[in-house]
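S.K.: The chain contents come next:
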Amino acid sequence: MRALRSLPLVAFLLAAACAAPMRPPADFVVLQDAGEGFRAITSDDARLRVRDLAEPTQGGLEFWADTLAQDLVARGYERKDQGEVKNAAGGIGRWLTFAANVQGEKVGYLVAVWQVEPTLPWGAPFLRVAEFAAVDAVFQARVEAVKAALATVRG
Amino acid sequence: MMRTFAVLCALLGALLSTSCQAPSAPAAALAYDEFDQSSLALQSGEARPSGFAKANRGERNPAADRSAQVGDPGAGAPAASERLLIYRGDIRVEVARPEDAARAFLDTVKAWGGYLQSQNAATVTVRVPAAKFEDALAAVRGMGRVLDESRQANDVTEEFVDLGIRLDTAQKARERLLEVLQKAEKVEDILKVEAELRRLTEEIERMEGRRKFLSDQVALATLTATFQAIAQAPPPPPRQKQRSRFPWVNRVGAESMMGGF
Numbered sequence: 001m002r003a004l005r006s007l008p009l010v011a012f013l014l015a016a017a018c019a020a021p022m023r024p025p026a027d028f029v030v031l032q033d034a035g036e037g038f039r040a041i042t043s044d045d046a047r048l049r050v051r052d053l054a055e056p057t058q059g060g061l062e063f064w065a066d067t068l069a070q071d072l073v074a075r076g077y078e079r080k081d082q083g084e085v086k087n088a089a090g091g092i093g094r095w096l097t098f099a100a101n102v103q104g105e106k107v108g109y110l111v112a113v114w115q116v117e118p119t120l121p122w123g124a125p126f127l128r129v130a131e132f133a134a135v136d137a138v139f140q141a142r143v144e145a146v147k148a149a150l151a152t153v154r155g
Numbered sequence: 001m002m003r004t005f006a007v008l009c010a011l012l013g014a015l016l017s018t019s020c021q022a023p024s025a026p027a028a029a030l031a032y033d034e035f036d037q038s039s040l041a042l043q044s045g046e047a048r049p050s051g052f053a054k055a056n057r058g059e060r061n062p063a064a065d066r067s068a069q070v071g072d073p074g075a076g077a078p079a080a081s082e083r084l085l086i087y088r089g090d091i092r093v094e095v096a097r098p099e100d101a102a103r104a105f106l107d108t109v110k111a112w113g114g115y116l117q118s119q120n121a122a123t124v125t126v127r128v129p130a131a132k133f134e135d136a137l138a139a140v141r142g143m144g145r146v147l148d149e150s151r152q153a154n155d156v157t158e159e160f161v162d163l164g165i166r167l168d169t170a171q172k173a174r175e176r177l178l179e180v181l182q183k184a185e186k187v188e189d190i191l192k193v194e195a196e197l198r199r200l201t202e203e204i205e206r207m208e209g210r211r212k213f214l215s216d217q218v219a220l221a222t223l224t225a226t227f228q229a230i231a232q233a234p235p236p237p238p239r240q241k242q243r244s245r246f247p248w249v250n251r252v253g254a255e256s257m258m259g260g261f
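In the order they appear, the protein sequences are chains A and B. Per my numbering: the first sequence ends with 155, consecutive numbering throughout. Per my numbering: the second sequence ends with 261, consecutive numbering throughout.
Calculated from the structure, these hints are not laboratory results. Bear in mind the structure is a predicted one, so any value in this text is a computation, not a measurement. Wrong hints could be hidden among the right ones.
What the hints assert, rightly or not - Calculated cross-link-like contacts (lysine to aspartate or glutamate; reagent style DMTMM-like; alpha-carbon spacing at most 25 Å):
1) A:K80 to A:D33
2) A:K86 to A:D27
3) A:K106 to A:D45
4) A:K147 to A:E62
5) A:K106 to B:E255
6) B:K110 to B:E94
7) A:K147 to B:E94
8) A:K147 to A:D81
9) B:K172 to B:E194
10) B:K172 to B:E158
11) A:K106 to B:E94
12) A:K80 to B:E255
Unchecked claim - Part of the chain B face toward chain A, derived, beta carbon under 10 Å:
13) Y115
14) Q117
15) P235
16) V252
17) E255
18) S256
For each residue, glycine too, the CB sits at the ideal point set by N, CA and C.
This is chain A alone, in the form it adopts within the complex (with noise of 0.2 Å):
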């Protein structure tokens, strides 16, 4: 009896599990969106990917956050701008846009986080991290586009 009173948690749970990471913007062309996270991408290369990295048992969103930007800059980047996002389930994380050379050529990169809660009671803690990468023409054109989607990222 117990059992079937938990179907359908477990039910709800499956179903979150395999939900799309997120509903990316028109003209993207979904490549993979289970396994080692959600990749897709435009006909102009513009690449967006969404992971599950392991995560911290210390430290929060802004120390993560502040990590990752001093880690781009000390790799070259060239840090430009930043935010903050809510995921689908309101969850409060940020982005943050950098300029890099990726071999000689100008790349514009968006970089979002958020830390997640587990969903199991046993479960840990989690970084979700949005990527979006494309040459700067295309990535100025297409950013604004992609910063709403983050909007979408499963919380």
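Assemble chain B onto chain A, guided by the hints.
M.R.: Same frame as chain A, but now just chain B:
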């Protein structure tokens, strides 16, 4: 018979006076219907130096005096001490916003009494009063980093003086021919005189047009300014990746996005 002879003499005199007028020696090589690109001879020893030399010393160029004198195409030849110079310049500067810079420059030119001659994107060719030529160059220089600059001054004094003399002679010859026409009786003589009158009139109009053109060129200098956007330097190449102590940070970045996606 005598009248015919007189008509022929008048015709011959008109022909000789307009075609064989010896120009002044230095300008002998100049043809009035060709623009002589003789370079400016810097005038050493003058109390008031040429506008070009003055400009090189950063002083105002006195071309305003000369341009004022030649403003009226009907005016007589300028004083011997005054040179008639046509100023032309080209300048290319690097600016943050080319269109805004071009617009601001045009506003300044209009305030000085100049005008836009042609424009192609952020390259503008303007005519400015000759007295403002150096100011116009300085204005463009002040807008950004100068990439290229050139200027020249063509001396057209000889041609202008020569034109004045030829014009005067041709007008007098035409007046004489008109008098002869009044007295001519034979149709053949009348036709000859009228043909010569037509030729003289065309020649006078051509010379007047040329003098007007030179006056305009001297009064207003021509400057072509190109405003070029500052080249955006690409961001510096990535430094040697410094591994973060946090593994997840090392997995994030544009290189992995653009590489093995």
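S.K.: Holds or violated: K86 of chain A and D27 of chain A, Cα atoms, limit 25 Å.
M.R.: holds (23 Å)
S.K.: Does the interface hint hold: is S256 of chain B within less than 10 Å of chain A, judged Cβ to Cβ?
M.R.: holds (8 Å)
S.K.: Quickly compare the C-alpha distance for K106 of chain A and E255 of chain B to 25 Å and report which way the hint goes.
M.R.: holds (11 Å)
S.K.: Between K172 of chain B and E158 of chain B, does the CA-CA distance stay at or below 25 Å?
M.R.: holds (22 Å)
S.K.: What's the verdict on K147 of chain A and E62 of chain A, does the C-alpha distance respect the 25 Å limit or exceed it?
M.R.: holds (19 Å)
S.K.: Is the hint on Y115 of chain B kept, meaning its closest Cβ partner in chain A is under 10 Å away?
M.R.: Violated: closest Cβ of chain A sits about 38 Å from Y115 of chain B, beyond 10 Å.
S.K.: Is it true that the CA of K110 of chain B sits at most 25 Å from the CA of E94 of chain B?
M.R.: holds (22 Å)
S.K.: When you check the alpha-carbon spacing of K80 of chain A and E255 of chain B, does it fall within 25 Å?
M.R.: holds (17 Å)
S.K.: Sort out whether D33 of chain A lies within 25 Å of K80 of chain A, counting only the CA atoms.
M.R.: Violated, at roughly 29 Å.
S.K.: Do the alpha carbons of K106 of chain A and D45 of chain A lie within 25 Å of each other, as the hint requires?
M.R.: The given pair, whose Cα atoms are some 14 Å apart, holds under the 25 Å limit.
S.K.: Could you grab the alpha-carbon distance between K147 of chain A and E94 of chain B and see if it respects the 25 Å cut-off?
M.R.: violated (35 Å)
S.K.: Would the hint linking K106 of chain A and E94 of chain B be met if the CA-CA limit is 25 Å?
M.R.: The hint holds at about 22 Å.
Taken one by one, the earlier hints fail for this structure at numbers 1, 7, 13 and 14, listed in ascending order.
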